[in-house]
Every structure is written in structure tokens, then in C-alpha cells.
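Student: Based on the sequences and whatever the hints tell you, model everything.
So the sequences go chain by chain: L and H. For the first sequence, the positions run 1 to 105 when our numbering is used. For the second sequence, the positions run 1 to 385 when our numbering is used.
Keep in mind the hints are simulated off the structure, nothing from the lab. Since we're looking at a predicted model, the values are computed, not measured. A portion of the hints provided could be inaccurate.
With a Cα cut of at most 16 Å, we get these calculated EDC-like pairs of lysine to aspartate or glutamate [said to hold, decoys possible]: (1) K303/H <-> D253/H; (2) K303/H <-> D252/H; (3) K65/L <-> D252/H; (4) K65/L <-> D253/H.
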Amino acid sequence: MLQGRRCGECGTLSIDTGQSCPACGAREGATVPLAGRGRLISWTVIRVAPQRYAAEAPYTIGLLKLDEGLRLTARVEGPPESLSPGLAVAFASTDPERGPIFRPS
Amino acid sequence: MRNVAIIGVGSTPFGRVEGTGIVELAVSACREALAESHVHRARIQALYLGNFVGERLVNQGSLAALVAGRLGLAGIPATKVEGACASGGIALRHGVLGVALGLYDFVLVAGAEKMTSATTPEVTAALATAGDDAREMRAGLTFPGAFGVIAREHMTRYGTTRAQIGLVSVKNHAFGVANPKAQFRKPVTLDDVVNSRLIADPLRLLDCPPISDGAAAAVVCPAEMARDFHPRPIRVLGTGHATGPGTLWEMDDITTFAATVRASREAYAVAGLTPADIQVAEVHDCFTIAEIVATEDLGFFPKGKGGPAVEEGWTGLEGRVAVNPSGGLLSKGHPVGATGCAQVYEVVKQLRGEAANQVQNAEIGLAHNLGGTGVVSTVTILGRL
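Tutor: Next up, the structure:
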């Protein structure tokens, strides 16, 4: 399940679980469940990857806006030709190293 | 605060420099700047040196102290500055502040990087350390990738075309032909750009800067002393230094870098100038789209109009503001820690009337240096004294 963080001081919702608030720096916050649905804002296909992921290229990285209003940068699975601005995406899984992974819904 | 002037600049050629280590590169640029300034080394009171990936790519730390020692300056405070690809600009800012605040009269500022001895994956991984690993880069994002995401959003939102973005590369490579310090001295066509290998969609190889070795340096002193050392001293009219979000998802709008906007506002305010006063600018074109974003963030063109501005020739030598007449990072090269000082080197040459692609009667110029995807930026406005 995808989780977010609601800041205890300023109320900002972020994907930053376990860290201080990216808006105000406050440490207090509560973990909140996220529906895992959102829209693709923009994306790229990484063809020259950093060393640790060199064997995985090409792969897609998207900037997403979730229905709850927060944004995150994540891997997006599926053929890049099918992607377009505003495309509906859904949370698929979390990888311990790569973070959340989404796919077109 | 005292007025500050630049009385000497130096730069190695940019590119693949075989057989010369990072310390020697920095020393070479510093010697040239010191020689131009006619300041005896015994009068240099501090060194600020920008470097980003020297520890990682060439296993060399303590760079500022080592360079000071090799120049015969051992004993002075020597500070290495790291702010990703803005390291050189930040180093200059600190040198200028040291003189402006009266701490020192003569300060040497430099930037250096040695990158071509590493493999491309090693360099890509080293540069990616400018991003926020735990909160973004771990997904597998790279810097070409981040600017690819930005380019696509700029195209979607403002109708910026692939051709407009590519024309930045065409313009800057054309400028690089005449610059003896440039890494690439061959023109490219728009067809070459849009048919070059995809690196991070929609950005292709010729949208990206080369991997480079190089160093650049400057000597600064109080403006009132400057004419005793150089016949055409260049005054530092204003500087700005600011930070911004370290991830794409924290940016309210990924087509603008808050750090650039903030740093330029500070520099314009201190200088008492507006964007319309700038005749020549060396801006941080770490990718083609980055030049378009920079010309908007610096106030040369309204947001979304940076693409048409390139197409109309408004950023050419005879345009409203000549942008990157050195060839920019795309053609001159991008030894990351050196870039901020190299931009100042080029603007100083323009204002002295010594540039390869000279802007006629250039009196006021600007240098814009950016780190990461806008996590830090410096803006330096220079004018004839």
C-alpha cells in the first residue's frame, strides 16, 4: 500500500514518509494511506542510466500528481509510446531501492 | 560594503586534456589570472575554489589547499566550495564578499574539474549526486532525465517546439567555432540535433553538454585599486546566490527555477539594473531546454516565450541579449566545478572587448550558474569600471 505523510504543523501532504515536512521542516507528522491513483504530469525515458541501473535501461520516470493533491517522482511501467500528459496512472508496487512503481490504469 | 573589481582572468582550454591532473589544471588557470592582474602572489590573501566531483572521479580532496601550495601561496586560507554545477559561481561570490566586506584586498577565485578520465556511467552517477537521492534520484532519475521531464512540460504547457529547443544547440555550437577555449569547434544543424541519439526523451545527445576537463580563475580586489593593476578592470555590479527545491516534485512549477529567480532579483537589486540593461549573458545551458528556462527566469523574456525568442534570433549576437556567445556549456564544455568561473571569464572578455564572438560595445553582462535541477544558483552582473 502507498503511504503519505500529513504534516503535524502545516498540514502539507507529502510522499515523504519518515522524514521532516518538505514544506516547513517540522518533524511531527502522521502517516496516512493514499489511494495510489493519479495523473502523469510529465515523463522521460532514461536511455543512459546511472551505473546501478545500467542494465535496466531504457525505463520511464514520471512526475505524477496523485488524487490527494501531492506530487512524486516515480518509475512508470509500460510502453513509453502509450504515455501522454494527464494519463491516469495507478500504484503497482514498492521496490525497496527504487521506491514506488506506477503503471497506466 | 566596498565596490569590487576583477583585475585578471584565466582559463585552460576546455575538453579532453590528457596528461594533466586536476591540480595542474587549476594551477594553470590561476597562474594566467595572476599574471594578467600583475598582483604579486605575496599579496593574495585568500583562495576560494569551486569543485564538484573531484573526490569521486579523480580521488582528490583538499583541492583548495593543494592548489594554494602549488602556487606558492601556502599559509593563506584556502576554501573548497561545493554547490554541484554552481560550485564555481559560489566560489566567486565568496571571493567578492571577502573583498566587499573589507576582510581582504586581493582574493584569487577558481573552479576546476577533471572528468574525461572516468567512464560515462561513472560521470552520470557522480553528477546525479547533485540530486536528492533518498527522495528522488533513487528511482533512477538522471540529470538529462530531469531536464527531459522539464522539456516535455515546457512543450506541453507553452507550445515550445522540438525545433526551438534544438536551435539553442545550433546557436551555441556556431558560437563555439570561433572560441579557442571551446571543446567543440564544429557547427551542427537542426537536423543533426533532432536526429542525434536519444539520451532522455525528448532530449538527445546534442541537447547535452560534453564531459569535460578544465579550469578557470579570476583575481578580485577593491574597485578603487583596480586601475593600478589592469588597464580595463571590470566592476562586479551585483551578485546573487539562492537555493531552491532539490527535487522535481517539490517544485510548484517545473518550468521555472526559484533559485535562479531569487539570485537574479538579488543581483539586479544590488546593481540597480533590470533585465533590459543586460547586453550579453553567459547562462547555464547544461541542456538546451535549460537555456530557454534561464532566459525566462532571468527576466529576458516572459515565461513561455524563451523558445520563440531563440527562433526569432533574439538571443543571437545581434539580438536583444546575446546569450552564450562563448558557445555555452553545450559547445564550450562543462567541467562542472569550473563552469561558474568560466562564465565570468567569458563575460569579462566581452566587457574588455576581447571576446571571440564580440558583442559590439558591450558594457553590462551577466553570468548565471545553476546547480542540480535548481537546488542552487548564482547570478553575477558585471560592467566596465
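Student: Just to be careful, I want the Cα atoms of K303/H and D253/H compared with a cutoff of 16 Å; is the pair within it?
Tutor: Roughly 11 Å separates the two Cα atoms, so the pair holds.
Student: What's the verdict on K65/L and D252/H, does the C-alpha distance respect the 16 Å limit or exceed it?
Tutor: 11 Å, holds
Student: Can the restraint linking K65/L and D253/H be considered satisfied, given a maximum Cα separation of 16 Å?
Tutor: 12 Å, holds
Student: Assess, step by step, whether the Cα of K303/H is no farther than 16 Å from the Cα of D252/H, and give holds or violated.
Tutor: 14 Å, holds
The structure shown violates none of the earlier numbered hints.
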